[in-house]
Amino acid sequence: MSSDLAGRHNATPVLAIEGLHAGYGRVEVLRGIDLVVGAGEVVTLIGANGAGKSTLLKAIVGLVHPSGGTVRLRGEDITRIRPEQAVRRGVALVPEGRLLFGPMTVRENLDLGAQSRRLSAEALRADVERVFELFPVLSERAAQSAETLSGGEQQMLAVGRALMADPALLLLDEPSLGLAPKVIAEIFSALDTLRASGLTILLVEQDAKLALRHADRGYVMRTGAVALSGSAADLLADDDVRLIYLGAWHGGGEG
Amino acid sequence: MGTTELLQFALAGLKNGSIYALVALGFTLVYAATGVINFAQGEFYMLGGMLSVWAYADLGLPLPLAALVGVAATALVGIVFELTAIRQRKDGDPLALIIITVGGSMLLSSLARHLFGPNERALPLFSGGGNVSVAGAVLEVQTIWIVGITAVSVAGLWYLYNRTALGRAMRACAVNRDAARIVGIDTRLMVTVSFVLAATLGALAGLAVTPLTQTAFDVGPSVGIKGFAAAILGGLGNPIAAVVGGLVLGMLESLSIAFISSTYKDAIALIVLLGVLFVRPQGLLGRSGREKV
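Quick mapping for you: the protein sequence lines, in order, are chains A and B.
Using our numbering, read the first sequence as starting at 1 and increasing by one per residue.
Using our numbering, read the second sequence as starting at 256 and increasing by one per residue.
FYI, nobody ran anything at the bench for these hints, they're computed from the structure.
Don't be surprised by glycine CBs; every beta carbon is placed ideally from N, CA and C.
Some hints here could point you the wrong way.
Unchecked claim - Straight-line distance between alpha carbons at most 25 Å, and here's what the computed SDA-like set of lysine to any residue pairs gives:
1. A:K209 - A:A39
2. B:K345 - A:V29
3. B:K520 - B:I399
4. B:K345 - A:H65
5. B:K345 - A:R80
6. B:K520 - B:L269
7. B:K345 - A:I81
8. B:K345 - B:D441
9. A:K209 - A:G40
10. B:K345 - A:H21
11. B:K345 - A:T79
12. A:K182 - A:A168
13. B:K345 - A:G68
14. A:K209 - A:F188
15. B:K345 - A:K182
16. B:K345 - A:L63
17. B:K345 - A:S67
18. B:K345 - A:R89
19. B:K345 - A:R88
20. B:K345 - A:G23
21. B:K345 - A:R82
Unchecked claim - Looking from chain B toward chain A, a few residues come up when the C-beta cut is under 10 Å (computed):
22. G315
23. A351
24. R423
25. R426
26. A427
27. D433
28. A434
29. V438
30. R443
31. T447
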C-alpha cells in the first residue's frame, strides 16, 4: 500500500532525502536517513525521544547543517540551505517549542509568517482570514501578545504562522506536546482539513498512534536511522510497532 | 538651592542625558540583533564629530553639508566594520564578537589619531552663540539642537521599529533569531542594519556635542561607558528603555554636581552601572527572568 501511495504521485516527490547525516558538533545524530514525501501526502516520523526526529526537520530547513547526503525539494538540491531561503522555496517549519514572537501580537506573528512573500496589504489580510477560519480562536486573540495565549492557542498560532508562508511542504514538530486531549483533537482536525486541501505534510510526533491515524505513511526512527517504514495502516497493525511505540507511548506523556 | 539653579542643573542633565540616550540606543540596537555589547560604540560618537570637523575644516564644506558627510561617513564605517569584522565570525560566538569590538574600538581611535592628529578640534555652534532664558535659567541654543536632534532621532527610530516591515523584522530578530530565520528574515542583514543605525545615532551625538565640548581621537571610550551604563540602567535590548536610561543618567549626574560635588560626576555612571547590576540586572524597564513562549 505504501508503494501505491508514493507511486500515485509518480512525478518528482516534494521531498526526497538520501543518506542524510547531521549532528551537533562531533555528535552525529542522523546516520544516513532516506525518506520520501510525495505531493499531497501526509507522512509521519515516529520514534523515541533522541531518535533524531527533530534534528531531521532542522536539517531539512538548514537550522542544523547536514554533514553528508542530500535533501531535494521538488527535484532541486536544497542541502545546506539557509533557513530564510528554505521558507522562500516553500518549506515552512512549525518548530519544536513553537518559537513564537512572544511579546508581539497574534496578528504580527501571522504577518511575520508571510515575511518571505511580498504580499499587498489586502492579500496579507485575506491569508490571515484563512488562518482565522482554520483556528477561529486566534481571531478573538488577534491583538493579544502571543505570550498571553494558552498552550493550545500558541500551537495553533505556530501552525498558522507557518501556513502564512503558503508552503509547498509543511514540517510539524510535535504539535501535540504538552497539550490537553481536547486541544490536540482540535489541532489534528485542522491538520485533516489541510490534508484534504492537498497540502503536503511531514509530521514528527511522539504520540505514534495519534500520528499514524492522521497520516498516509510513516517512518519509524531509531537512533538516527530509519528502522521501519510503511503505510500508516500497516504500521498501526505491525506487532513490533504496537509493542514498542504504541504501547509504550500510549497516552503520550511529556517523556 | 533656588529653583532657578535647580532648573539650570536640570537643563544640563537633559543635554547630557540626550547624548547618553543616543549612545545607549546604539548599544541596545546592536545587542538586540546580535546579543553582543559593541564596545566600538563610543568610537562612532568620536567619528561623528571628527569626520564632520574634517569635512568642515579640511574640505571646506559648509556646516550643514559637512555634518551630513560626517554622519554618513560614520554610518559607512559602521557597515564596513560589521561586514569585515563581525560577519566574518560565522558562529556568532558572543565572547569572540565582544573582543572583536574592543579591538575595533582601538583600531578606530588609532586611525583617527593617525589621520586627524592628536589635538582637540571643534565645530562652530550650529546657530551662533546665543542663549535663551528659561524661567531665569540660561539655555544655550546648541543645547536645543542637541535635545532636538535626539528627539527627532528617537521619533524616527520609533517609527522605523513600530510602523515598518524592516522594524518588525528587527524586533522579531531580537525576540528569537531562529524563529526569525524560519519565517524568512535574513538575520545577517538585520545585524548590518543595526550597526548602521548604531553608527548613525552615535555620530549624531558626537556631531551635536562637538561645538560645545570639542572632540579628539580619544573621546570615545568615556562616552561609551556612559552610554553603556545608560543602556543597562534602562534595560538592555529595549530602545525606549535606552532613552529613559540616558535621560535618568544625565539627570543623576547633574544632581550629583548640584548636591554632592562635580568631582564625582564621572563616577556616577559606574556607580549606577554597578548598582543596577547588583539590584535590578534587567534594568528599570526590563522584564525579569528569561522570556519564554
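Results for each hint:
1. With a C-alpha separation of about 23 Å, the suggested pairing of K209 of chain A with A39 of chain A holds against the 25 Å cut-off.
2. About 22 Å separates the Cα atoms of K345 of chain B and V29 of chain A, which keeps this hinted pair within 25 Å; it holds.
3. The hinted pair formed by K520 of chain B and I399 of chain B meets the criterion: a straight-line CA distance of about 22 Å does not exceed 25 Å.
4. Annotation: proposed proximity of K345 of chain B to H65 of chain A holds, straight-line Cα distance about 13 Å (limit 25 Å).
5. Straight-line distance between C-alpha atoms of K345 of chain B and R80 of chain A comes to about 15 Å, which keeps the hinted pair within the 25 Å bound.
6. Simply put, K520 of chain B and L269 of chain B have alpha-carbon atoms about 15 Å apart, close enough for the 25 Å limit, and the pair holds.
7. For the proposed pair K345 of chain B and I81 of chain A, the alpha carbon gap of about 15 Å is at most 25 Å, so the pair holds.
8. With a C-alpha separation of about 14 Å, the suggested pairing of K345 of chain B with D441 of chain B holds against the 25 Å cut-off.
9. For the hint pairing K209 of chain A with G40 of chain A, the CA-to-CA distance comes to about 21 Å; that is within 25 Å, so the pair holds.
10. Note on K345 of chain B and H21 of chain A: the hinted pairing holds, with a Cα-Cα distance of about 21 Å set against a maximum of 25 Å.
11. Proposed proximity of K345 of chain B and T79 of chain A is supported: the alpha carbons are some 19 Å apart, at most 25 Å.
12. Restraint check for K182 of chain A and A168 of chain A: not satisfied, since their Cα atoms lie roughly 28 Å apart, outside the 25 Å limit.
13. Between the alpha carbons of K345 of chain B and G68 of chain A the distance comes to roughly 20 Å, so the proposed pair stays at or under 25 Å and holds.
14. Note on K209 of chain A and F188 of chain A: the hinted pairing holds, with a Cα-Cα distance of about 12 Å set against a maximum of 25 Å.
15. With a C-alpha separation of about 44 Å, the suggested pair K345 of chain B and K182 of chain A falls outside the 25 Å cut-off, and the hint is violated.
16. Of the supplied pair hints, the one linking K345 of chain B and L63 of chain A holds, its CA atoms being roughly 14 Å apart against a limit of 25 Å.
17. About 17 Å separates the Cα atoms of K345 of chain B and S67 of chain A, which keeps this hinted pair within 25 Å; it holds.
18. Proposed proximity of K345 of chain B and R89 of chain A is supported: the alpha carbons are some 23 Å apart, at most 25 Å.
19. Taking the CA atoms of K345 of chain B and R88 of chain A, the gap is near 22 Å; set against the 25 Å cutoff, the hint holds.
20. Restraint check for K345 of chain B and G23 of chain A: the C-alpha separation of about 18 Å stays at or below 25 Å, so the hint holds.
21. A threshold of 25 Å between alpha carbons decides the hint, and for K345 of chain B with R82 of chain A the separation of about 13 Å falls inside it, so the pair holds.
22. Restraint check, G315 of chain B versus chain A: the minimum CB separation of about 45 Å is more than 10 Å; hint violated.
23. Below 10 Å, beta-carbon pairs count as interface contacts, and A351 of chain B has none with chain A, the closest being about 16 Å; its hint is therefore violated.
24. Given hint, R423 of chain B at the interface with chain A, holds; its Cβ is 7 Å from that chain's nearest Cβ, closer than 10 Å.
25. Residue-level restraint check for R426 of chain B holds (minimum Cβ-Cβ distance to chain A is 7 Å; threshold 10 Å).
26. Interface restraint check: A427 of chain B against chain A, minimum CB-CB distance 5 Å, threshold 10 Å, status holds.
27. Below 10 Å, beta-carbon pairs count as interface contacts, and D433 of chain B has one with chain A at about 6 Å; its hint therefore holds.
28. Annotation: interface hint on A434 of chain B holds; nearest CB of chain A at approximately 4 Å, less than 10 Å.
29. Given hint, V438 of chain B at the interface with chain A, holds; its Cβ is 5 Å from that chain's nearest Cβ, closer than 10 Å.
30. Annotation: interface hint on R443 of chain B holds; nearest CB of chain A at approximately 9 Å, less than 10 Å.
31. About 14 Å separates the beta-carbon of T447 of chain B from the nearest beta-carbon of chain A, more than 10 Å, and the hint is not met.
Hints 12, 15, 22, 23 and 31 from the earlier list are contradicted by this structure; the remaining hints agree with it.
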